[in-house]
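Colleague: On the provided structure of chain A, position chain B as indicated by the hints.
Residue numbers (this note's numbering), protein chains in the order written: chain A, -16 to 93; chain B, 315 to 432.
Wrong hints could be hidden among the right ones.
Partial selection, computed: residues in chain A whose CB lies under 8 Å from chain B [to be verified]:
1) -13
2) -8
3) 24
4) 26
5) 68
6) 71
7) 79
8) 80
9) 81
10) 83
11) 84
Okay, the calculated bits of chain A under chain B, using three or more residues with CB under 8 Å as the criterion [unchecked claim]:
12) 15 to 23
13) 42 to 54
Calculated directly from the structure, the hints in this document are not laboratory data. Note that this is a predicted model, so its numbers are computed, not measured. No residue lacks a Cβ here, since even glycine has one placed at the ideal position from N, Cα and C.
Below, each chain spelled out in residue letters.
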Amino acid sequence: GEDVEQSLFLSVREGDSSVINCTYTDSSSTYLYWYKQEPGAGLQLLTYIFSNMDMKQDQRLTVLLNKKDKHLSLRIADTQTGDSAIYFCAEKSGDYKLSFGAGTTVTVRA
Amino acid sequence: DGGITQSPKYLFRKEGQNVTLSCEQNLNHDAMYWYRQDPGQGLRLIYYSQIVNDFQKGDIAEGYSVSREKKESFPLTVTSAQKNPTAFYLCASSLTLGGSWISTDTQYFGPGTRLTVL
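The shape of chain A in the complex, shown without the other chains (with noise of 0.2 Å):
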């Protein structure tokens, strides 16, 4: 079965970098992706990671799979105030379903 976990809260200091854990449980999972969501806001797309690929680099967004341990991060570099928000890690296993973590809250202070 599928069964995502994040930490609930990350608290970082603005220019830091900010790393969001994330496990998962189905090892057939094909993509897996992280969304960022605003509060009152629908989920934005941040970035996907093919499950045969170790990390990926995308302007400030750096994303780590360790396949082995089933454990992706997303790193935030130079933490802003606008990075405030719920990331939300997802799996596709090998039909259409996602399976979401239930987010971690990201507070940035100044």
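Modeller: Relative to the frame of chain A, chain B by itself:
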């Protein structure tokens, strides 16, 4: 502007009433989805549709109904049978429903509708 729109943004319902949430997309996507979000929880799938005139139950379909008469539209009705309907409802779409190794089934989300039962 291409995207997914949901209306209304806020909806209030009395107990015992049915309400319909609108979802429209102009991305030419075949697949559409409805999710429910509760505080401190991940998203849970209510219904999904692979193509026009076809839809399937997700994990928590009880008390909900959908239709897919047009490619662009996938309305969700929250019926009086839904015991705890107060939640944030999110609609999503993807180019295809997808198979295992296809990135074109990446899901894109609308802005959501917050439903409150009074």
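Colleague: Now tell me if each hint is right for this structure.
Modeller: Cross-check of the supplied hints:
For residue -13 of chain A, the interface hint holds, the least distance from its beta-carbon to any beta-carbon of chain B being 7 Å, beneath 8 Å. A least Cβ separation of about 11 Å between residue -8 of chain A and chain B goes past the 8 Å threshold, and the interface hint is therefore violated. This hint holds: residue 24 of chain A has a C-beta 6 Å from the nearest C-beta of chain B, less than the 8 Å allowed. Taken as an interface hint, residue 26 of chain A checks out: its beta carbon lies about 4 Å from the nearest beta carbon of chain B, inside 8 Å.
At a threshold of 8 Å, the smallest CB-CB gap from residue 68 of chain A to chain B is about 14 Å, leaving the interface hint violated. With its C-beta approaching chain B no nearer than about 7 Å, residue 71 of chain A sits inside the 8 Å limit, and its interface hint holds. The beta carbon of residue 79 of chain A is positioned within 8 Å of a beta carbon in chain B (closest approach about 5 Å), and the interface hint is therefore held. A cut of 8 Å between beta carbons decides the hint on residue 80 of chain A: the least distance to chain B is about 7 Å, and the hint holds.
The beta carbon of residue 81 of chain A comes within 6 Å of a beta carbon in chain B, closer than 8 Å, and the hint placing it at the interface holds. About 3 Å separates the beta-carbon of residue 83 of chain A from the nearest beta-carbon of chain B, less than 8 Å, and the hint is met. Against a cut-off of 8 Å between C-beta atoms, the interface hint on residue 84 of chain A holds, since the closest Cβ of chain B lies about 5 Å away. With 3 residues having a Cβ less than 8 Å from any Cβ of chain B, the stretch 15 to 23 of chain A passes the three-residue criterion, so the hint holds.
Only residues whose beta carbon comes within less than 8 Å of a beta carbon in chain B count, and the stretch 42 to 54 of chain A has 0; fewer than three means the coverage is violated.
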